[in-house]
Each structure stands twice: as structure tokens, then as C-alpha cells.
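Protein chains in written order, with the working numbering: chain A, 1 to 110; chain B, 1001 to 1112.
To be clear, the hints were calculated from the coordinates, so they are not data collected in a lab.
Just so we're clear, the structure is a prediction, and the values are computed from it rather than from any experiment.
Among the hints, a few may not be true.
If you anchor each label on the Cβ, the simulated ranges turn out as follows [as the list claims (entries may be wrong)]: (1) Pro14/A / Pro1083/B: 36 to 44 Å; (2) Gly16/A / Lys1065/B: 43 to 51 Å; (3) Pro14/A / Lys1057/B: 30 to 38 Å; (4) Arg60/A / Glu1062/B: 19 to 27 Å.
Built from N, CA and C at the ideal position, the CB exists for glycine as well.
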Amino acid sequence: QKEVEQDPGPLSVPEGAIVSLNCTYSNSAFQYFMWYRQYSRKGPELLMYTYSSGNKEDGRFTAQVDKSSKYISLFIRDSQPSDSATYLCAVTGTASKLTFGTGTRLQVTL
Amino acid sequence: EAQVTQNPRYLITVTGKKLTVTCSQNMNHEYMSWYRQDPGLGLRQIYYSMNVEVTDKGDVPEGYKVSRKEKRNFPLILESPSPNQTSLYFCASSLDTTYGYTFGSGTRLTVV
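Work out the full structure: start from the sequences and follow the hints.
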């Protein structure tokens, strides 16, 4: 079993839709949770960071963590074509090692 | 501008010909790491470094070497590249990895 599972998509939504991206993880030692966005031919960039269970909001983006079910989510409101990218969840519990999901490719259409 | 710089961006080489991918960061970060990204497998850690002269293996270290002689530089060395090392490589650095890494733009390596 992979430490982090993520649906690869692709996910196609119309502009303005609410997008829900999800990951599950297996190790309860993971304490820090991140979402990265990766545009084509670019490196991943940190989008959201959370530590505890609950929600964290930043503009149109909301990261949600449920440690009891080992489930993390990223919601994008009012999605825009510029949100089209691959979204990677990442988890860590110790220094140096970040474990990534395989990424979900999102396409927002006009 | 704070950044992680990798070179080259693209590289095509032949099996067995030693190569080095350079990585440099200007943020005075202690942690540096190399990842490879493959379709369906995501990002997998090759090696990481916690400080100068301190390195350790990640999940897929076979066929790779690293060194950390200076804080800002963390080159990735392939002594004898093979076709299964064809991949997209990312260098990353962090002040505290619990807050995530800053990634470079990537090096696309093809070994024929």
C-alpha cells in the first residue's frame, strides 16, 4: 500500500465550478500536510500548508485535514482556467522527507 | 530573488557516460533534496541533505550520488547512467521541511 494515495484524474470542470481534490494517507505519524501546484514544464510550488485537523482558507483555496480518517482535501472555489495544473498533496512527519501523492491533473474549461 | 537553480534544464546522454546535474539555492537553507518524477509514480526522493557534509538516502538512491560541500550547492551525480534513469529531476531546498520544500524548475534527462 502506498503511503499517500491520490486519484490521478484527469479532472475536467467548467470555469466557476467548485473543485474538490483529495488524498488519503496511511501513516498516523504524518503531522504536516501540504498542497503543491505544478504547471506543465515547471517545478511544484507550495500552495497550502496545514498542521492540524480542520480547515485553512486562503482566498479561493481551502485545505481540509481529517486526521481521524487520514484524509486531506483541497477545495478550489470559482475555478479559473489559470487553475489548470497538476495538484500534488504532500505529507511529512519528520525532517527532510516529504512524501507526495501522484498528483491530480485538473483542467478548467471556458 | 529567492530561488533554487538547476542546470541543465534538458539533457540527452548515452548509457554509461557520467553526468552531473547542478543545484544551487540562495536562501541559506539547510535542507536540500533531490526528487525524480515519473508518470504514475509521482515524486520520489533520491537523496537528501540536512547540512554541509550530511547526506542520506531517500526512497530510490540506486545509481545516484550526491555531495554537499557547500551549503548552497547540492549536485546530483550519475556515474553510469542507464535508460531507466530517464526522468524529470527536481532539486529542492527548505529551512524547515515541515513547512515544505522550494523546488527548482526541473531537469529533463533522457538516457539512450
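Hints and how they fare:
Evaluation of the 36 to 44 Å hint for Pro14/A and Pro1083/B yields a pass: the beta carbon distance comes to about 41 Å. For the pair Gly16/A and Lys1065/B, the beta carbons lie near 49 Å from each other, so the given range of 43 to 51 Å is met. The supplied range of 30 to 38 Å is broken by Pro14/A and Lys1057/B, whose beta-carbon atoms lie about 45 Å from each other. The beta-carbon spacing between Arg60/A and Glu1062/B, approximately 42 Å, falls outside the hinted interval of 19 to 27 Å.
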